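J.: Top to bottom, those sequences are chains A and B.
Under the working numbering, the residues of the first sequence are numbered 1 to 122, in order.
Under the working numbering, the residues of the second sequence are numbered 1 to 492, in order.
Think of the hints as simulated: they come from the structure by calculation, not from any bench.
Source: prediction; values computed, not measured.
Covered stretches of chain B, as calculated for chain A (at least 3 residues, CB under 8 Å):
| id | region |
| --- | --- |
| 1 | 147-153 |
| 2 | 157-167 |
| 3 | 170-177 |
We treat Cβ as the ideally placed atom computed from N, Cα and C, and that holds for glycine.
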Amino acid sequence: MFENLLSRPNFTAFIILFIFGLTIMVTHHNLIKKLIGMYLVQTSVFFFLVNTGAKSGSTVPILLSAGGSIEPSIYANPLPHALVLTAIVVAVSTLGVSLGLTIAIYRRYGSLEEEEIIERLE
Amino acid sequence: MTGHSVGFILLLPFFAAIAMPMLGSWRRSWCQPMALSSVGLMGLSALFASHGAVTQGPVQYSVGGWPPPVGIVLVFDGLTSLLAVALSFVSLACLFFGGPVLPKDLDGKVVLYYTLVLLLISALAGVTLAGDLFNLFVFFEVAALCAYALVGLAGGRGLMAAFRYLLLGTIGASFYLLGVGYFYAATGTLNMADFLARLPDVLHSKAVLTGLIFIFLGLAIKAAMVPFHGWLPDAYSHAPEAVVPLLASLVTKVSLYAMTRIMFWVLGAATLPFELPILFLLGLGGASAAVVGAFLALTQQDLRRMFAYGGISHVGLIVIGITVGNQTGFAGGIFYMVNDAVMQATLFFIAAAIWHRCKARDLSQLGNLWAQMPWTSAALIVTALSMVGIPPTGGFFGKWYMVLGALEATNYVAVAAILSSTLLTLAYFVRIIEGMFGDKHSEPPVTQLTPEAPTEMRVSMGILAASILVLGLFSDQIVGLILRSAAPPGLR
Chain A
1 MFENLLSRPN
11 FTAFIILFIF
21 GLTIMVTHHN
31 LIKKLIGMYL
41 VQTSVFFFLV
51 NTGAKSGSTV
61 PILLSAGGSI
71 EPSIYANPLP
81 HALVLTAIVV
91 AVSTLGVSLG
101 LTIAIYRRYG
111 SLEEEEIIER
121 LE
Chain B
1 MTGHSVGFIL
11 LLPFFAAIAM
21 PMLGSWRRSW
31 CQPMALSSVG
41 LMGLSALFAS
51 HGAVTQGPVQ
61 YSVGGWPPPV
71 GIVLVFDGLT
81 SLLAVALSFV
91 SLACLFFGGP
101 VLPKDLDGKV
111 VLYYTLVLLL
121 ISALAGVTLA
131 GDLFNLFVFF
141 EVAALCAYAL
151 VGLAGGRGLM
161 AAFRYLLLGT
171 IGASFYLLGV
181 GYFYAATGTL
191 NMADFLARLP
201 DVLHSKAVLT
211 GLIFIFLGLA
221 IKAAMVPFHG
231 WLPDAYSHAP
241 EAVVPLLASL
251 VTKVSLYAMT
261 RIMFWVLGAA
271 TLPFELPILF
281 LLGLGGASAA
291 VVGAFLALTQ
301 QDLRRMFAYG
311 GISHVGLIVI
321 GITVGNQTGF
331 AGGIFYMVND
341 AVMQATLFFI
351 AAAIWHRCKA
361 RDLSQLGNLW
371 AQMPWTSAAL
381 IVTALSMVGI
391 PPTGGFFGKW
401 YMVLGALEAT
411 NYVAVAAILS
421 STLLTLAYFV
431 RIIEGMFGDK
441 HSEPPVTQLT
451 PEAPTEMRVS
461 MGILAASILV
471 LGLFSDQIVG
481 LILRSAAPPG
491 LR
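In isolation and in its complexed conformation, chain A is listed as follows (with noise of 0.2 Å):
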């Protein structure tokens, strides 16, 4: 078990970063932190993604060459970068929206701790 965590340091760092952002989330109170958290979920599995497009011993998909046969085991595997790149809009438009969100909250109510807003709410 503890071999096979060693042994894929990639997959390893993606477990630590995962669950460190749903810690963040769920123990901090402060709406940033929260924010916070909730990036590193999202950055830890387009970290993930991309890793299943990696070979070792190959270089970016780019054609050295025109013509000629294509040898696809010299190249990485190009769609889990494309596959990110959207996956990153769609995360960098979430948090826009969060942050517009939490402006908007921030002018109401005063305060970004969780807690204080709720005493606020009525």
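With the hints as your guide, set chain B onto chain A.
T.: Below, chain B without anything else, positioned relative to chain A:
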């Protein structure tokens, strides 16, 4: 031609949404006609494409001419056609309902409201059309972003509700994306049909199992199935009145659609024996959701919160129907899904009309409502009959087929859950209707001289309440249609 009409379903509201800010800054009064006409045209192209899909079989539309599995495809089959037609019909009614009255509550944000609503409708249509797992995620996120913004649009308590909805929704989306990553790592494809073809080789791979768990976890959060329903009541009871019917009727249903699509068309749960009994486990989740949601609805005092919890229990009922594991139950579940979209919209129309007319949303303020708002009360009674499941309405036939399916599968837990949730639903509607007729409760304060809600509200409530009855009267034909053209391959 049928192929292009599939593309139009998605693109018409999308382009209308993009044009809306420009149009709105020029002539604000043109916003609603523009939104209505684009959604109406979308409904027409959905009907046209459905005709093609039902008579000639599923339509595949390769975006940009790239053939699948490399290119992006939109798939329009029987299940999609049902959902797309229901989606355009309900959103048309919601836009008409909101009309000239409710966007005024949003002081000056009318243009923004129409832009976001059209984007939401377009993205939801995209979810029903998507032929691959990743585009499903992208459309889901576009729809979810619009939903967060719409919940927070009016400010006030809606802001905090929107923030919580956003946090949970994003977690759900991350889980889903993670599951998609696992699926891709296991099979090297994201196209749904291609995935199903490659699945037998990797059936016992742990990556598929993990991906499956993450995907259903993510979708369960999006569909507000019971342990993950926390975001829904707050979001729906504090969002602006014009927004809630649309969100309540469509967003959770479309998540359920995605669940169905992945369960049967991507994982082939009907034919392939899994080591993990996903249908059974999801059915248990649905059964607990149906009972717990209805029980929580019974304990509410606020009208909109009560309807929101009722929606949660109905999500559970639909999941029971779909996961029973035979065609009868499946058809019942899908039929009930369409019915529930209409019922939820009508319920929140009624809550909004009562709020608009007499600023009442507490159950104890509904005394003698029958005399003050006869139209609204009649619509409420028809919807209540359908929510409980009394014969001439659509709700009864949906539940009938689900119970038949569960009996056929000798799944008595499902039968018990459907029946007890029905009794609890009856109990909470009795609480509302008792207040409406009796004089036990205080009467709502009269703030306006007009005796009823505005005409637009009455017309759209009336149309939706009538369509509940129409769905009931034509239930045989619709269920037959589902069995003929929308039943998943391999399900007996």
